[in-house]
Amino acid sequence: MNFDELHGRRSGGGKCKAVLSHGFGTDQDAWSALRPWFDERYDVYSFDLPGCGRGGDKTYDFERYDSLYGYADGLIDLLDQTGIDDCLYVGHSMSAMIGAIASVGRPDLFSRIVMIGASPRYLNEPGYVGGFDATDLDALFDSMAANYQAWAAGFAPLVVGVDDAHAVSEFSRGLFQMRPDIALHTSRTIFTSDVRNAARRVPVPVTLIQTANDVAVPREVGAWLAREMKDATLDIIDASGHLPHLTAPDAVMRILDKHLQGDVP
Amino acid sequence: MTASISEALYELCGFARVSCEAELVVALEVDAGYRASAVAVSPTLPLSSFNLRNSRIFEHAWASAPVSASELRLPSAVINALPALPTFVLFVPAGLDHAPYSGLLLLWTAPDAPPPLVRHVPLLAGSVASALGRRREAVRQAAIRDQFNDLLESVPAGIVVFDGDGHGAMVNERAARLLSTEPGRHEASDVAEPMRMLRERCDNRKELDALYEGHMANVHYSVTTHWMLGERTYEVDTHPVHGDGERGRIWLFSDVTAELRMAANLRKMAETDPLTGAANRRSLESEFARIMKTPGARDRAFSVLMVDVDHFKQINDTHGHSVGDEVLRKVAARCRTALREGDLFARFGGEEFVAVLAAPQEAELTAIAERLRRSIAGSAFRSGTLSIPLTVSVGIASGTGRDAPPASFLATLIEQADDALYAAKQSGRNRVVSYTRQRLAG
Numbered sequence: 028m029n030f031d032e033l034h035g036r037r038s039g040g041g042k043c044k045a046v047l048s049h050g051f052g053t054d055q056d057a058w059s060a061l062r063p064w065f066d067e068r069y070d071v072y073s074f075d076l077p078g079c080g081r082g083g084d085k086t087y088d089f090e091r092y093d094s095l096y097g098y099a100d101g102l103i104d105l106l107d108q109t110g111i112d113d114c115l116y117v118g119h120s121m122s123a124m125i126g127a128i129a130s131v132g133r134p135d136l137f138s139r140i141v142m143i144g145a146s147p148r149y150l151n152e153p154g155y156v157g158g159f160d161a162t163d164l165d166a167l168f169d170s171m172a173a174n175y176q177a178w179a180a181g182f183a184p185l186v187v188g189v190d191d192a193h194a195v196s197e198f199s200r201g202l203f204q205m206r207p208d209i210a211l212h213t214s215r216t217i218f219t220s221d222v223r224n225a226a227r228r229v230p231v232p233v234t235l236i237q238t239a240n241d242v243a244v245p246r247e248v249g250a251w252l253a254r255e256m257k258d259a260t261l262d263i264i265d266a267s268g269h270l271p272h273l274t275a276p277d278a279v280m281r282i283l284d285k286h287l288q289g290d291v292p
Numbered sequence: 389m390t391a392s393i394s395e396a397l398y399e400l401c402g403f404a405r406v407s408c409e410a411e412l413v414v415a416l417e418v419d420a421g422y423r424a425s426a427v428a429v430s431p432t433l434p435l436s437s438f439n440l441r442n443s444r445i446f447e448h449a450w451a452s453a454p455v456s457a458s459e460l461r462l463p464s465a466v467i468n469a470l471p472a473l474p475t476f477v478l479f480v481p482a483g484l485d486h487a488p489y490s491g492l493l494l495l496w497t498a499p500d501a502p503p504p505l506v507r508h509v510p511l512l513a514g515s516v517a518s519a520l521g522r523r524r525e526a527v528r529q530a531a532i533r534d535q536f537n538d539l540l541e542s543v544p545a546g547i548v549v550f551d552g553d554g555h556g557a558m559v560n561e562r563a564a565r566l567l568s569t570e571p572g573r574h575e576a577s578d579v580a581e582p583m584r585m586l587r588e589r590c591d592n593r594k595e596l597d598a599l600y601e602g603h604m605a606n607v608h609y610s611v612t613t614h615w616m617l618g619e620r621t622y623e624v625d626t627h628p629v630h631g632d633g634e635r636g637r638i639w640l641f642s643d644v645t646a647e648l649r650m651a652a653n654l655r656k657m658a659e660t661d662p663l664t665g666a667a668n669r670r671s672l673e674s675e676f677a678r679i680m681k682t683p684g685a686r687d688r689a690f691s692v693l694m695v696d697v698d699h700f701k702q703i704n705d706t707h708g709h710s711v712g713d714e715v716l717r718k719v720a721a722r723c724r725t726a727l728r729e730g731d732l733f734a735r736f737g738g739e740e741f742v743a744v745l746a747a748p749q750e751a752e753l754t755a756i757a758e759r760l761r762r763s764i765a766g767s768a769f770r771s772g773t774l775s776i777p778l779t780v781s782v783g784i785a786s787g788t789g790r791d792a793p794p795a796s797f798l799a800t801l802i803e804q805a806d807d808a809l810y811a812a813k814q815s816g817r818n819r820v821v822s823y824t825r826q827r828l829a830g
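Chains L and R, in that order, are what the protein sequence lines are.
Residues 28 to 292, numbered by the numbering used here, are exactly what the first sequence covers, in order.
Residues 389 to 830, numbered by the numbering used here, are exactly what the second sequence covers, in order.
Please note that the accuracy of each hint is not assured.
Claimed, not checked - Under 10 angstroms between C-beta atoms, here's a sample of chain R residues computed to sit facing chain L:
#1 P434
#2 S436
#3 F438
#4 N442
#5 L462
#6 P463
#7 V466
#8 N468
#9 A469
#10 P471
#11 K594
#12 L596
#13 A721
#14 T725
#15 L727
Source of the hints: derived by calculation from the structure; they are not laboratory data.
Glycine is no exception: its CB is placed at the ideal position from the N, C-alpha and C atoms.
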């Protein structure tokens with residue numbers, strides 16, 4: 028992963044570095060509502076994940092991004108190349124776990140990780156509620172493969188979870204922007220991942236944020252992370268949807284205020 | 389095959405891990421683009437593939453000494469597979485042609501330096517490379533076999549391939565159905581026997597026997613022919629592999645029944661008058677030309693009968709064209725019945741028909757012509773509630789091939805029969821007039 032190739036943007040007047048990494052189906056524009064908050068406090072870096080954003084097909088590599096570990100290697104490369112270390116890393120959805128994996132091998136790069144709508148494993152198994160069964164996922168992949176446009180049109184409002192036309196159109200835009208085969212491959216990588224061991228080993232403080240009703244992340248998942256991670260807090264926003272940074276930015280900011288105040292000099 | 393090689397690699401990794409007190413040992417296949425996949429991992433755990441381009445592993449000149457893990461950028465997949473952060477790393481290069489950066493990766497997590505035994509690990513390089521190479525070849529062979537099998541079952545033909553050494557044979561599903569055997573590999577004799585039995589069942593087995601016997605002496609022969617099995621016909625193509633019979637022989641069975649049937653239908657359509665189902669003029673001419681080419685045909689007598697329905701125009705005018713068409717169909721049918729089996733009969737155009745009779749005696753010719761005339765005049769034609777009395781006039785001409793050049797023989801006879809027909813019409817219709825007789829009478 029390369030900051031410039033991924034349309035990297037830098038803003039803000041703070042001294043400490045913050046890295047914002049979006050989730051599946053959006054691009055860095057997803058941070059628009061939260062960005063002013065970060066700009067006031069941090070030196071802010073954001074970028075489009077491989078496969079996402081304008082020309083995402085040119086930044087994607089089917090073999091490299093076959094697992095979240097591949098993304099984590101990419102993230103480490105990007106941070107090293109850009110001279111970022113000891114940063115506040117904010118990851119939404121898949122990016123939350125990408126940051127978790129990267130922090131295990133390179134604790135020096137991260138001072139804290141904020142995870143919005145994070146899940147270390149989506150598949151249910153005895154003793155673990157991930158929210159999905161294998162048949163659910165097969166049906167999801169089948170409908171994505173059969174008619175991507177129709178799938179995206181139905182999937183967007185479901186994931187947004189609240190009646191927010193702007194958020195739905197923003198998420199739809201991100202989905203339509205992705206090449207369907209890349210979107211399918213990415214969602215397979217995400218939904219078949221199991222990085223619970225990495226989550227357990229994250230060596231830096233973690234701020235978990237999720238909504239009370241998230242179609243991708245059951246509340247049990249947030250509870251699991253809060254319990255199993257070494258140093259994590261969990262805040263539940265009393266709202267619905269997988270994209271609270273788009274649909275409930277004020278609530279997210281209040282949580283950030285609460286936890287990050289002490290971090291910023 | 390692949391499984392046993394992977395097993396051997398796994399044992400090798402396990403041996404290295406235990407003897408060197410390593411935490412994790414991975415046999416890696418790494419291609420020229422640094423894409424790495426774990427072929428064997430000890431202890432057994434899932435390890436996704438990763439890219440080692442930025443790992444710095446290949447910038448290091450590996451000898452027998454492990455290096456500090458901090459000197460390398462190990463992939464997240466490997467780091468997360470370890471129970472703790474790695475402390476020491478050793479890589480044993482074991483490059484292959486198609487995966488030049490392959491090798492054995494050993495990782496330690498203990499703070500103490502690995503035991504001295506580790507310096508012997510590079511001795512394993514040869515074994516690792518050879519096992520990786522054999523595994524790659526086995527995987528490649530399996531992939532080729534899969535592709536080949538898929539291809540074999542995708543083509544709409546039965547395929548039998550005999551090995552060059554004459555011992556084995558491969559049969560695809562379609563061929564297996566045809567030969568009442570199982571698809572897959574067989575002893576050559578277990579395939580040759582059902583093929584011989586299939587040939588025995590063919591309607592044209594004698595021709596096939598003769599055809600293939602003619603090629604017995606030549607191991608490189610190629611033949612494409614039809615095997616006729618009752619209602620179905622197979623085009624059977626046999627040729628040596630790459631033109632060399634020593635390398636094996638391929639048999640392709642294609643069911644061409646539908647194609648042949650369609651071709652026959654097209655041919656029939658081109659030769660038949662669509663209204664009456666009788667032959668058309670063109671096919672009568674070509675059939676006559678074919679007969680004239682047979683030995684002795686030019687010395688034989690032929691007769692032409694021109695048959696014309698009397699006052700046909702009135703039928704069309706009175707009852708309409710559909711009744712007229714029906715009448716023509718029935719006239720054609722009655723004429724055909726009145727003629728002998730080998731006689732040629734065609735619709736010549738309009739309400740005119742022509743028959744060509746080979747070598748009739750004078751008396752027989754007259755009898756046939758009369759029989760034909762009476763078959764029309766004898767009973768009225770019925771169409772729905774209509775009853776239409778009908779007659780025909782017939783003109784006859786006879787001759788042998790010696791009387792005219794071959795190209796104009798039939799035309800001459802037709803012309804003469806037409807003259808006789810004209811005379812029959814002139815003299816009151818519903819009668820038979822012979823060309824010679826008319827001339828004698830005139």
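Structure versus earlier hints, numbers of those that do not hold, lowest first: The structure conflicts with hints 11, 12, 13, 14, 15, although it agrees with all the remaining ones.
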